[in-house]
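> Each residue of the sequence shown is one higher than the one before, starting from 1219 at the first, in my numbering.
Hints were generated in silico from the structure; no laboratory data involved. These figures come from a predicted structure and were not determined experimentally. Some hints could be false.
Straight-line Cα separation of at most 20 Å, SDA-like style, residue types lysine to any residue; simulated pairs [unchecked claim]:
| hint | residue 1 | residue 2 |
| --- | --- | --- |
| 1 | Lys1235 | Val1292 |
| 2 | Lys1235 | Phe1289 |
| 3 | Lys1235 | Thr1266 |
| 4 | Lys1235 | Gly1254 |
| 5 | Lys1235 | Ala1291 |
| 6 | Lys1235 | Val1282 |
| 7 | Lys1235 | Ala1288 |
| 8 | Lys1235 | Pro1286 |
| 9 | Lys1235 | Ile1287 |
| 10 | Lys1235 | Val1271 |
| 11 | Lys1235 | Ala1246 |
| 12 | Lys1235 | Leu1251 |
| 13 | Lys1235 | Ile1284 |
| 14 | Lys1235 | Ala1277 |
| 15 | Lys1235 | Ala1283 |
| 16 | Lys1235 | Ile1295 |
FRET-style restraints, in silico, Cβ to Cβ [as the list claims (entries may be wrong)]:
| hint | residue 1 | residue 2 | range |
| --- | --- | --- | --- |
| 17 | Glu1243 | Asp1264 | 25 to 35 Å |
| 18 | Leu1228 | Ser1263 | 52 to 62 Å |
| 19 | Leu1258 | Arg1232 | 37 to 47 Å |
Glycine residues also receive a C-beta, built at the ideal position from the N, C-alpha and C atoms.
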Amino acid sequence: MPDQNAKSGLLLRRRSKVIGFIITEASAICVLLLAGTLALSVRLSDSTLALSVNILTIAAAVAVAIIPIAFFAVAPILPRSEH
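All chains, full assembly: derive it from the sequences and hints.
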């Protein structure tokens, strides 16, 4: 019975991690699309505002690339099983 509880806990942890990843990645993609659309469709007369939008677009693209690495590259620390 404890083995099944451990598997259930592992599945819940993995599911929680995937749901967190999906929410975070979707948010970053939305920011990237909104900032990219703004940067390409609107001719900004203020150079400071244009630079800010360009920096936001680049930062969002970097975030979209780094989020999967941050979520899945680091191996989880699992509790020791008792045998």
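> Quick one: are Leu1228 and Ser1263 within 52 to 62 Å, going by C-beta?
holds (55 Å)
> Quickly compare the C-alpha distance for Lys1235 and Thr1266 to 20 Å and report which way the hint goes.
With a Cα-Cα distance of about 38 Å, the restraint between Lys1235 and Thr1266 is violated, given a limit of 20 Å.
> Taking the beta carbons of Leu1258 and Arg1232, is their distance inside 37 to 47 Å?
Because 38 Å falls inside the window, the suggested range holds.
> With the threshold set at 20 Å, check whether the alpha-carbon distance from Lys1235 to Ile1287 stays at or below it.
holds (13 Å)
> Are Lys1235 and Ala1291 close enough, with their CA atoms no more than 20 Å apart?
OK: Lys1235 and Ala1291 at ~12 Å, within 20 Å.
> Please verify whether Lys1235 and Leu1251 have alpha carbons no more than 20 Å apart.
violated (24 Å)
> Taking only the CA atoms, is the gap from Lys1235 to Ala1288 under or equal to 20 Å?
Since the Cα atoms of Lys1235 and Ala1288 sit roughly 11 Å apart, the hinted pair holds (cutoff 20 Å).
> Is Lys1235 close enough to Phe1289, meaning Cα to Cα at most 20 Å?
holds (8 Å)
> Is the straight-line distance between the alpha-carbon of Lys1235 and that of Val1282 20 Å or less?
holds (17 Å)
> Does Ala1283 lie within 20 Å of Lys1235 when you go C-alpha to C-alpha?
holds (17 Å)
> Please verify whether Lys1235 and Pro1286 have alpha carbons no more than 20 Å apart.
Within the cut-off at roughly 11 Å; holds.
> Is the Cα-Cα distance between Lys1235 and Val1292 20 Å or less?
Holds, at roughly 12 Å.
Of the numbered hints listed earlier, those contradicted by the structure are 3, 4, 10, 12 and 14.
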